[in-house]
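Number of protein chains: 2
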Amino acid sequence: MINVKVTSQDVASRAGVSQSAVSRVFSGASASKATIAKVRKAADELGYRPNSLARAMITGKSKIIGLVVAYLDNQFYPIALQRLSESLQKQGYHILIFTAGNDAEATQKVIEELIDYQVDGIITASVGMSSNLTQHCATAGIPIVMFNRGQDGSGHSSITSANVEGGRKVAEFLTAGGHKRIAHIAGWEGSSTGRDRRRGFTEGLAANGQTPLDIIDGMFDRAAAAAATRTLMARSDPPDAIFVGNDHMAFAVMDTLRQELGLRIPQDVSVVGYDDVPLAAWGAYDLTTVRQPVNRMVEATVETILAKIEDPARPAQKIEIDGPLITRGSARIPKGWTP
Amino acid sequence: MINVKVTSQDVASRAGVSQSAVSRVFSGASASKATIAKVRKAADELGYRPNSLARAMITGKSKIIGLVVAYLDNQFYPIALQRLSESLQKQGYHILIFTAGNDAEATQKVIEELIDYQVDGIITASVGMSSNLTQHCATAGIPIVMFNRGQDGSGHSSITSANVEGGRKVAEFLTAGGHKRIAHIAGWEGSSTGRDRRRGFTEGLAANGQTPLDIIDGMFDRAAAAAATRTLMARSDPPDAIFVGNDHMAFAVMDTLRQELGLRIPQDVSVVGYDDVPLAAWGAYDLTTVRQPVNRMVEATVETILAKIEDPARPAQKIEIDGPLITRGSARIPKGWTP
DNA sequence: AGGGTTAATGCATTCGTATGCATAAGGAAT
DNA sequence: ATTCCTTATGCATACGAATGCATTAACCCT
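Chains as they are written, first to last, in my numbering: chain A, 7 to 345; chain B, 7 to 345.
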């Protein structure tokens, strides 16, 4: 009771059985009713719980998933993290979490530490992987799933929303709304999400006979997005609509337009974001945006990684999940609009 | 190179030394220049990295800190998580993260799983601990630090901001501003933070000859806070100022006041929050609030838990860190106000 | 009652690293 | 050169649970 460490051996002695018997009871292997009862009783009395680390050593399965996440100030990620955590907990897995910005060096270090802990798999949220690192994980036999970021030819599985399609939807929506000078503050060019949304958007505009007024890389950063907004609005022909690469930046754009430049949204400028984080629905922003279906993305992520853990031979898959455009008050709504 | 698992034994063979020598090189114990070089070389060639789990088994130190966090939609916690993660990583520790709401049962389960993983310590962010659980951790010899939540008589260390003092500051500020009907949408009554802020606030009002117009428990929840706002404003003598128990709720209050009730802030109602999350500074809200100095709170948390890990005999300490009132545009600023 | 089959259990070993102990090697001092 | 001390290194064992193998108990059938 007062003893700090209770081992299966202790339980065995007290129950009058062998250590193996105790192990079998707790690992669900076969045992007679009688011994199960004896062991359970002794274990309860002693407060025994199996040591997960020792178990991990011998089985080679730590039941730990490494999670590397880049941004935590963008509300999208905490939400995703929460869902991931719940979902993995339910499956008996646990999350070893690391934060690493867009710093390749830091990412490298972090991933290696994850490997040291013998994680069964790694989920990266919006972080890139060098091919070097990829190799590392491959030889270590650790499956990787990229969440909200793809990487061509990396051989990793990835789960994203249908970003190209999403960009196109925004283009359709804004052109249908009669906008003639449409600008784009893009997500970071170094990310597949940023590039895909941009591509879908320009393609969508082209399909409607328009070209973007301007495209500026917002780096997924508030300050950069605010600066881009100023640049755009300082033009002699300022935009009448701005598609912003994610909600997090869109909020900065809206703040800048309203508080700093004294403009009205959507009367003077329409703003559309991407993600549909909870904050987008709050009254102060009421942002029209493309929804990334977090729940389904998380589900797919968990399924994918668990499947790959179970069968390492399973080929990588790139899953894209479609999300709707959610129309709110930040952008002019075309007459008779039905998405 | 292609081999999946490289052990210290493999390195030893290749370097022509014993396994102990390899161990000593990597654990920083003494070894001659010559062997260090040989071992390092062999290890590099094989891509060897020590197995943290095995190391944890033998040393009894996993270098893992368990983190249990309740709310992730309140921006305060992701930020704190990020800082905690960075700070602990720097000290060679890693975070096993769990989410658990205000559900005591879930908390229990989660903590037990943490113990199973032999974590060196546990940090709880805004989650309560039953005395039962407390006992559990104590016998397991695992130190606990409560972040942003205190618990009298629990014997745990806790790090909070000076909540009573903070509540008082708000009272002074609002009375100085000439407000006469001041209401409070409190943080959850079941939490020390909620209670302390409330107490400081009522004491502060009393010191200025006022009593709260009304106090409603907002449960740290947006919907509850919005409902409370409606209740307050439906009175025949609606408040001219509302102190809200944290920023997260304050945003909901502001949304309700402005979008739903068509009121102006601060002309019709002043709103003051608590936390000073980044979002509070964004243009759309521009919320006057009491800052919780996250950085210093995190520093103190890390220091406290590491100290307790190093010396388990060290007594629990309750640390309170003072934070300033940050005046912005959501509340009338008293003439000549200097905090 | 005896042979055969199945279920239960214990023994011994294993996972990969750290560490106490004993021994060997190297160096300094006389 | 001998002794003494320091520093390195290898050997063997330990951490705590899981598991293949061998043994034993239990049961069933004829």
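No lab work stands behind these hints, which were simulated from the structure alone. Keep in mind the model is a prediction, meaning the values are calculated, not measured. Incorrect hints may have been included.
The list makes no distinction among identical chains, and a pair is therefore deemed to hold if it is satisfied within one copy or across any two copies.
Claimed, not checked - Result set (BS3-like, lysine-lysine): computed pairs, CA atoms no more than 27 angstroms apart in a straight line: (1) Lys341 <-> Lys67; (2) Lys11 <-> Lys115; (3) Lys341 <-> Lys115; (4) Lys67 <-> Lys11; (5) Lys186 <-> Lys96; (6) Lys96 <-> Lys324; (7) Lys186 <-> Lys11; (8) Lys67 <-> Lys186; (9) Lys69 <-> Lys11.
Give the relationship of Lys186 and Lys11 under a CA distance limit of 27 angstroms: within one copy only, between copies only, both, or neither.
neither (71 angstroms within a copy, 60 angstroms between copies)
From the Cα coordinates, with 27 angstroms as the cut-off, is the pair Lys341 and Lys115 best called within, between, both, or neither?
neither (53 angstroms within a copy, 53 angstroms between copies)
Within, between, both or neither, where Lys69 and Lys11 count as close if Cα-Cα is 27 angstroms or less
both (22 angstroms within a copy, 18 angstroms between copies)
Quick one: Lys96 to Lys324, C-alpha cut-off 27 angstroms, is that within a copy, between copies, both, or neither?
Result: close within a single copy only, 24 angstroms intra versus 34 angstroms inter.
Is it within, between, both, or neither for Lys67 and Lys11, if the alpha carbons may be no more than 27 angstroms apart?
Answer is both: 23 angstroms inside a copy and 13 angstroms across each meet the 27 angstroms cutoff.
Pop the pair Lys341 and Lys67 into one bin, within, between, both or neither, using alpha-carbon distances up to 27 angstroms.
neither (57 angstroms within a copy, 65 angstroms between copies)
Check Lys186 against Lys96 for me: Cα-Cα at most 27 angstroms, and say if that holds within a copy, between copies, both or neither.
neither (50 angstroms within a copy, 51 angstroms between copies)
Within, between, both or neither: Lys11, Lys115 at alpha-carbon 27 angstroms:
between (33 angstroms within a copy, 19 angstroms between copies)
Taking 27 angstroms as the upper bound on the Cα-Cα distance, should Lys67 and Lys186 be classified as within, between, both, or neither?
Neither way: Lys67 and Lys186 sit 57 angstroms apart in one copy and 63 angstroms across, limit 27 angstroms.
The earlier numbered hints that this structure contradicts are 1, 3, 5, 7, 8.
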